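Colleague: Below are the chains, spelled out letter by letter.
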Amino acid sequence: MVEMEFDALPNLSGLYVKAAIKRRKPPTATTKLPDLPARAAGVIVDDLDDYLKICAIADDGHLPPTYPQVLATPLHAAIVAHADFPLPALGMVHLENRVEQKRPIAVGEKFDLRCELSGSEWIPHLGLKFAIDTVVEVGGETIWKSQLWALSRGAKKDLEKRERKPRPAPEPGEVADPLVSVMVDVPADMGRRYSAVCGDYNPIHLYPLTAKLFGFKRPIVHGMWTFARCWAELANFADPEDLVFTVGFKQPLYLPTTALITAVEEEDGEISYRAGSVDGQRLFLRGKAHNGALNRPTVP
Amino acid sequence: MTTCEQKRVVPVPIEVPEKRARRCPRFAGDGEKKTRYSMPNYLKTASPVGYRTRVPLTLDEAERALELLSLERPTAFGEVESATEEELFEESSLGVMTARQSTNFRGHRQITFGPDDSAKIAHIMRSMDALEGPVLDGASYTHVVLSRPYRTSFTMLLTIIGHKPLASLVTVPTRLFRKKVFHEDDMPTIGYLQHIHVGILADAMERAAVVASAGKRRANVFSAPFCGERRQGANRPAIRALEEMCGIGTAERAAGWRIALAAQVGTAVDGEAIDLGEELSRKLGANLMAFRSERIQPGINQDDSAPAEYCERQDMDVPDELTVQAGRAAYNAFSHWTSCDRERAKELLMLERIDVLTPNGKERIRQVRKMLDSVSDRVIDNIPKWIDLPLAKAFSKAAEKGRKAFGLAGQRIYVGGLSRPEVEEEGLCWEQAVRAVGAAASRSGLVAEIMGVAELPDDCDLLAGLCLMAGPINQNDIGKTFFGHEDLLSHQYPHRDPTSLLVWTLKAKTVADPIGNEEQLMNEKRQGKLVDLRPGPHDVIEVVRDGKAQPMRERDGRINDERAFYDVRNFATCVEGREIPGNRGAPWPQEWRKEKLW
Chain A
0 MVEMEFDALP NLSGLYVKAA IKRRKPPTAT TKLPDLPARA AGVIVDDLDD YLKICAIADD
60 GHLPPTYPQV LATPLHAAIV AHADFPLPAL GMVHLENRVE QKRPIAVGEK FDLRCELSGS
120 EWIPHLGLKF AIDTVVEVGG ETIWKSQLWA LSRGAKKDLE KRERKPRPAP EPGEVADPLV
180 SVMVDVPADM GRRYSAVCGD YNPIHLYPLT AKLFGFKRPI VHGMWTFARC WAELANFADP
240 EDLVFTVGFK QPLYLPTTAL ITAVEEEDGE ISYRAGSVDG QRLFLRGKAH NGALNRPTVP
Chain B
0 MTTCEQKRVV PVPIEVPEKR ARRCPRFAGD GEKKTRYSMP NYLKTASPVG YRTRVPLTLD
60 EAERALELLS LERPTAFGEV ESATEEELFE ESSLGVMTAR QSTNFRGHRQ ITFGPDDSAK
120 IAHIMRSMDA LEGPVLDGAS YTHVVLSRPY RTSFTMLLTI IGHKPLASLV TVPTRLFRKK
180 VFHEDDMPTI GYLQHIHVGI LADAMERAAV VASAGKRRAN VFSAPFCGER RQGANRPAIR
240 ALEEMCGIGT AERAAGWRIA LAAQVGTAVD GEAIDLGEEL SRKLGANLMA FRSERIQPGI
300 NQDDSAPAEY CERQDMDVPD ELTVQAGRAA YNAFSHWTSC DRERAKELLM LERIDVLTPN
360 GKERIRQVRK MLDSVSDRVI DNIPKWIDLP LAKAFSKAAE KGRKAFGLAG QRIYVGGLSR
420 PEVEEEGLCW EQAVRAVGAA ASRSGLVAEI MGVAELPDDC DLLAGLCLMA GPINQNDIGK
480 TFFGHEDLLS HQYPHRDPTS LLVWTLKAKT VADPIGNEEQ LMNEKRQGKL VDLRPGPHDV
540 IEVVRDGKAQ PMRERDGRIN DERAFYDVRN FATCVEGREI PGNRGAPWPQ EWRKEKLW
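As they're listed, the protein sequences go chains A and B. In case it helps, numbering that gives the first Met the number 0 puts the first sequence at residues 0 to 299. In case it helps, numbering that gives the first Met the number 0 puts the second sequence at residues 0 to 597.
Hints may contain errors.
Claimed, not checked - Computed list of lysine-lysine pairs in DSSO-like fashion (alpha-carbon distance at most 27 Å, straight line):
hint, chain 1, residue 1, chain 2, residue 2
1, A, Lys52, B, Lys384
2, A, Lys52, B, Lys593
3, B, Lys593, A, Lys101
Derived from the structure by calculation, the hints contain no laboratory data. Note that the coordinates shown come from a computational prediction; the quantities given were computed from them, not determined experimentally.
Throw the hints in and build the complete structure from the sequences for me.
Modeller: What follows is the structure, given as structure tokens:
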């Protein structure tokens, strides 16, 4: 096992190009993933303004729980670009994320970031689903960790066919008594603006033409932006201590659009949230946030 | 400067009818045509209002709430306390963001200053003439409100009314030019509307400070020094100094913006705090967000497509004692804002009350309707064809549609007005008296609105409501100005040269107007170009901090999505209990809401 160790977070664009030009075969049911840990020590974030602004998150002096994942993206790219990594980088789909935060990380606090491949599962009609774990440590103590699941599509010939059941039409309107129900305008340049902040210049996020080259009718926004934008609405309700924050990415959010973000309190105290189209026909993502106690904002 | 003792308004419960109905909106199904009776599909707005429902109060709570209808000016402020952002937002939600007669006019802007600037403003204001009361030391903050002439799609239509066919080729453009450049009005009551709106806002701001702070703060509102050419002339240096602080430049002045009032807000001193309590304040605030103009009297003026709940006449009446209290609130407001003796105020404020359910009332209302209809007919006949025909008769269609705005229904109809010669003889400023009529009408209406939620049963939307209208007055004024008609109030006050200013109808009923009527105010796709109905805080409020004016709730890529008093959860639902997407909004980030502003 070789650990990739970086003194500073590596440049994402270079790694993307490196990963993209590597010719690799699509996975099969027998594809095995190697151990490929990556580490960056002594990371300090002292300027979050652009990220907070673009995601509409209020500055509370701490990193939002979604941000370490953004920081870890270059390490993930380093893993994917590594010669021993067997899956093609192009066409990989980010499926879901589970973030566990013991306590929020203060802006200016020094921490170490560690990432590693942690598991895989062959989905007969889709391909290989694999996980990358990311850990933030301060003085050897884990204070934040995430598990990201992505999909590398199998070749058509290796996949089983699945019958698609017609989905029932969504019920009109909104569930009763939501915590949040808010319309968010997502402008045409949001992909480019977020790319400039997070360094992920994947062409599918940039321009109509570059998105079309990769099979998208229009540019799509980064799933991690939508995830963070949802956090901006949930932050009033979810305690950042001992937080578990999950997301499942469902359909791409084509730009420009207006998204509807909703959150409801479940009977067990968890917050379920989703971002979808205004007419309820498309679901971009959904997930949960919980930490035992719901935090309702106090009123004057 | 006189002190005028106001009379306490007492609660008068409204009898709950045996047969009750309530609004039962549904979302339009797939392929089903959406109507005004359907739930709106979504709400996208920065406004603090949203689609809300009324919140029941107990009789005791209603009684405490009615205290707000006889507030005297504070005599002093306690210690300066910096307001939090959320307090200021909620106070402004009850004030400049909502308080006006006509929801289709955005004619107010507010600039709010902290304690240091408030001290400067107090110093400037002390040099002014015609102050309604003493300027106080120790204001925690001060709102300065700007107002501009009343202009809506209706006033655009007015431009082409009252011209001779051939001469109209010259007189229409001339009038348009004079309106645009010199802010001249087509007829007097349009000019008065600006002041009626300011009067309503001034009255609301006094209550807003109390409700938003659960009674801990009081507002000292000054409107008179900014009224009338004579006072404006006398107070010019001070007004200029205030304008400079507000950053009003030539462009704003050319657009007609002028300072209309200033409100000092500070900590109430012992004996002047209003004991509303936290819970009642929240419920009252949420109700004030929910009160709407109620135009439909079930079984009387609903349209043909109305569902069953609007078609059956309800056996209800506005109790006589309630109309007495509504009158009391009106006289309170008029004397408060004119600083005129209460008994004299009762003589000056002309009120014609039409009891619609009596034979005389029925006859009178028929007369009024006939007069208003005849004006509509003449307006349509006289619209210059060279403007109307190329626009596919848009103007005559608009005039035809306008008839709806004059729908006079309800058990009690009031026409309020003043006699200009009598007001001037009394030594009062006409504009200030007009403002006071606005305050009087809205305060009087609040009696019905508050009692309309007292002991409100679960299966009713309300027990009484109000529709405050200028439409019939303006229609009457078209008749007066262009076709030689008499004033509406001439019938009741034949020898006093009256000028009617507002009409308001009190309705006892249990079903609220269709939610689609509100949608006209909140759905951007249904708003006309000149109609901008529910502003967000960033649209109309600037907060001055460290000498810099910042739009309220526009920060780091966000604008407001919060509905004021959202914690009361009085959001409209369909009969199955589902909500309108986007209606609930989201609270402003806690870190920002809790921030002390100064």
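Colleague: The structure should be examined with respect to each hint, and the outcome stated for every one.
Modeller: Status of each hint after checking the structure:
1. A distance of roughly 54 Å separates the Cα atoms of A/Lys52 and B/Lys384; the hinted pair therefore is violated under the 27 Å criterion.
2. Restraint check: the Cα-Cα separation between A/Lys52 and B/Lys593 comes to about 19 Å, which is no more than 27 Å; the hinted pair holds.
3. Of the pairs offered as hints, the one joining B/Lys593 and A/Lys101 holds, with about 25 Å between alpha carbons and a cut-off of 27 Å not exceeded.
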